[in-house]
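Protein chains: 2
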Amino acid sequence: MPELRRDPIIGRWVIIAKERGRRPTDFIIAEEPVRGGFCPLCEGNEHTTPHEVLAYGRSHFAPDTPGWSLRVVPNKFPALVIEGDLDKEGEGIYDKMNGIGAHEVIIETPRHDDVLHQMPVAQIKLILMSYRDRMLDLMRDMRFRYIIVFKNFKRAAGASLEHSHSQLIALPIVPYLIQEEINSCLRYFDYKERCVFCDIIRQELATGSRIVCENSNFITICPFAPRSPFEMWLLPKRHLSTYTDLDDSMLDSLAQIFSETMKRLNAAIPNVPYNYMLHTSPLKQLNIEHYHWHIEIMPKTTMVAGFEWGTGFYINTTPPEEAAKFLREVRLLV
Amino acid sequence: MPELRRDPIIGRWVIIAKERGRRPTDFIIAEEPVRGGFCPLCEGNEHTTPHEVLAYGRSHFAPDTPGWSLRVVPNKFPALVIEGDLDKEGEGIYDKMNGIGAHEVIIETPRHDDVLHQMPVAQIKLILMSYRDRMLDLMRDMRFRYIIVFKNFKRAAGASLEHSHSQLIALPIVPYLIQEEINSCLRYFDYKERCVFCDIIRQELATGSRIVCENSNFITICPFAPRSPFEMWLLPKRHLSTYTDLDDSMLDSLAQIFSETMKRLNAAIPNVPYNYMLHTSPLKQLNIEHYHWHIEIMPKTTMVAGFEWGTGFYINTTPPEEAAKFLREVRLLV
Numbered sequence: 076m077p078e079l080r081r082d083p084i085i086g087r088w089v090i091i092a093k094e095r096g097r098r099p100t101d102f103i104i105a106e107e108p109v110r111g112g113f114c115p116l117c118e119g120n121e122h123t124t125p126h127e128v129l130a131y132g133r134s135h136f137a138p139d140t141p142g143w144s145l146r147v148v149p150n151k152f153p154a155l156v157i158e159g160d161l162d163k164e165g166e167g168i169y170d171k172m173n174g175i176g177a178h179e180v181i182i183e184t185p186r187h188d189d190v191l192h193q194m195p196v197a198q199i200k201l202i203l204m205s206y207r208d209r210m211l212d213l214m215r216d217m218r219f220r221y222i223i224v225f226k227n228f229k230r231a232a233g234a235s236l237e238h239s240h241s242q243l244i245a246l247p248i249v250p251y252l253i254q255e256e257i258n259s260c261l262r263y264f265d266y267k268e269r270c271v272f273c274d275i276i277r278q279e280l281a282t283g284s285r286i287v288c289e290n291s292n293f294i295t296i297c298p299f300a301p302r303s304p305f306e307m308w309l310l311p312k313r314h315l316s317t318y319t320d321l322d323d324s325m326l327d328s329l330a331q332i333f334s335e336t337m338k339r340l341n342a343a344i345p346n347v348p349y350n351y352m353l354h355t356s357p358l359k360q361l362n363i364e365h366y367h368w369h370i371e372i373m374p375k376t377t378m379v380a381g382f383e384w385g386t387g388f389y390i391n392t393t394p395p396e397e398a399a400k401f402l403r404e405v406r407l408l409v
Numbered sequence: 076m077p078e079l080r081r082d083p084i085i086g087r088w089v090i091i092a093k094e095r096g097r098r099p100t101d102f103i104i105a106e107e108p109v110r111g112g113f114c115p116l117c118e119g120n121e122h123t124t125p126h127e128v129l130a131y132g133r134s135h136f137a138p139d140t141p142g143w144s145l146r147v148v149p150n151k152f153p154a155l156v157i158e159g160d161l162d163k164e165g166e167g168i169y170d171k172m173n174g175i176g177a178h179e180v181i182i183e184t185p186r187h188d189d190v191l192h193q194m195p196v197a198q199i200k201l202i203l204m205s206y207r208d209r210m211l212d213l214m215r216d217m218r219f220r221y222i223i224v225f226k227n228f229k230r231a232a233g234a235s236l237e238h239s240h241s242q243l244i245a246l247p248i249v250p251y252l253i254q255e256e257i258n259s260c261l262r263y264f265d266y267k268e269r270c271v272f273c274d275i276i277r278q279e280l281a282t283g284s285r286i287v288c289e290n291s292n293f294i295t296i297c298p299f300a301p302r303s304p305f306e307m308w309l310l311p312k313r314h315l316s317t318y319t320d321l322d323d324s325m326l327d328s329l330a331q332i333f334s335e336t337m338k339r340l341n342a343a344i345p346n347v348p349y350n351y352m353l354h355t356s357p358l359k360q361l362n363i364e365h366y367h368w369h370i371e372i373m374p375k376t377t378m379v380a381g382f383e384w385g386t387g388f389y390i391n392t393t394p395p396e397e398a399a400k401f402l403r404e405v406r407l408l409v
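These protein sequences, in sequence, are chains A and B. Just add 75 to the spot in the first sequence (first one is 1) and you have the working numbering. Just add 75 to the spot in the second sequence (first one is 1) and you have the working numbering.
It is possible that part of the hints are untrue.
Unchecked claim - If you want the footprint, here are the derived chain B segments under chain A, 3+ residues with CB under 8 Å: (1) 202–216; (2) 295–305; (3) 368–380.
As the list claims (entries may be wrong) - Calculated pairs, DMTMM-like style, for lysine to aspartate or glutamate (alpha carbon to alpha carbon, straight line, at most 20 Å): (4) B:K338 <-> B:D322; (5) A:K93 <-> B:E397; (6) B:K93 <-> A:E397; (7) A:K267 <-> B:D82; (8) A:K171 <-> B:D170; (9) A:K400 <-> B:E78; (10) A:K93 <-> B:E396; (11) A:K267 <-> B:E166; (12) A:K171 <-> A:D188; (13) A:K267 <-> B:E397.
Source of the hints: derived by calculation from the structure; they are not laboratory data. Each residue gets a CB set at the ideal place from its N, CA and C atoms; glycine is no exception.
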């Protein structure tokens, strides 16, 4: 059973998920994952993954068989496990609990070589829909407080498998950074009676210099204080705190701008590794006035080093106005 | 002039330090730095760095000449600049100020191939002394609120030069993470009338399972909730909030345990890249009861990926008790 432990100073939780038999020398970081070889995420290899929890596109009713367009399975090496009780306890001044949670893999395509920025908008819609649908299902488990969806693209951004996939982790606590973000939004709201993200969108639309692209429902910007060059935020223009409230027509619109955003990024910096993270309201705080769901896209163009680790302060060599201009004007291949 | 910008949500500051003429494709991350070639940090090349601000070991009085054992120079490509006024201002809902600060490079040795874990204890003492002495000097500048000292070892940990060096950055604000840490310590102190780090040391000494090494004045532990495998904290056993209060005999003792700690790390995971960061009290809060200076050592054994970016939550595959046991028992080469 993995263990959740809380740092007694900063209140940051970590998951201690022991991999048995690992020796210190196993930690020397490998470069790229071995290409080729067997891929458990490919169509035809469904029997090698844990049983699927969701699949779209199959015309028959046999789970864990070919014929799907998107498939979600539990992670074979989960950071958290679904069975058990939380068992919160102290250990002197320290706090810990059992590593209860869900850890799922969204297999975004049956084809090994598809990459997100080249997929049809309809496929991207399925991906975004699967995030919503898995969240709606997991929200019913009262032990969970937060669900984070994220994608690591390429080894340099932390991906250990080549086949295009995202991940979902349901947590029994609201993570430190999300809680900080929400607390700050609440302070802003208490003072101004407005959502800070709504104010950001209003100002960005007025100035225009940090806009990457937009459609009638969504906007992608380079934020005013980006942690790294070409960081982007994708937000709904209208106030919406909770991702699971997206209806079908909003999903269409989101798929369109998300596709365009990722195409622009790849056109600007070909094959750049990246992470993206879906930030939505906590499970026990749905439809709140002070929070605004969004996707943060972090191209892996720099390394987190001592200064960033020590201070939470980032050094960025590209002003967001310049990055946005480049992303806005880059020639998209069709 | 670099610019400091504040994220309006989380309150995180970033330094926008534009490097002119950089194209997006320049961001594709290089593997290792080119070995060999000219090194500006080597003895004999003093004229290629900005004028030194400190040197130890020279027997004559000509600055920027050979004969030194340790040398500190301003960074040639500083993230922050020393000349100018802060000029704090708003830009709609955003906050910014001029990028005023100091950014220095501590050249730890005149020899290109020396590495920290193989240096004599006396050389390590010079390094630790230079941190103190540069801080004492920079503290007199009333524009500065915090000084962070850190080291990036090897390219994978963010080092862009091979020659053994650390860096110092003096900031006009207390960084977000440090402020959070200090606020938490203050809350603990208000409640318990004790320093949380002192309580941690007491508990670690009592249980013993997370101790890596200790001497009469200092202790190195693997913390209860480490962000990554083999993370270590080095702390003074007696309450001390401010690094610059270290006297000569304490520096001897610190050099001894710091040397041993780095030797143990390298024996456990040969040539592992790492970052370390010196956490000390803010410049306008010296000698406080609720904070405790320490060095955080983070071996680069994992990658920060979407989950960590999105949540501030870390997944660690090695319990600190196991890491500490290994580090404690590893055979040290003499």
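Hint check:
no.: 1; hint: 202–216; result: violated (count 0)
no.: 2; hint: 295–305; result: holds (count 7)
no.: 3; hint: 368–380; result: holds (count 9)
no.: 4; hint: B:K338 <-> B:D322; result: violated (24 Å)
no.: 5; hint: A:K93 <-> B:E397; result: holds (10 Å)
no.: 6; hint: B:K93 <-> A:E397; result: holds (10 Å)
no.: 7; hint: A:K267 <-> B:D82; result: holds (17 Å)
no.: 8; hint: A:K171 <-> B:D170; result: violated (38 Å)
no.: 9; hint: A:K400 <-> B:E78; result: holds (19 Å)
no.: 10; hint: A:K93 <-> B:E396; result: holds (11 Å)
no.: 11; hint: A:K267 <-> B:E166; result: holds (17 Å)
no.: 12; hint: A:K171 <-> A:D188; result: violated (41 Å)
no.: 13; hint: A:K267 <-> B:E397; result: violated (50 Å)
Violated hints, listed in ascending order, are 1, 4, 8, 12, 13; each of the other numbered hints is respected by the structure.
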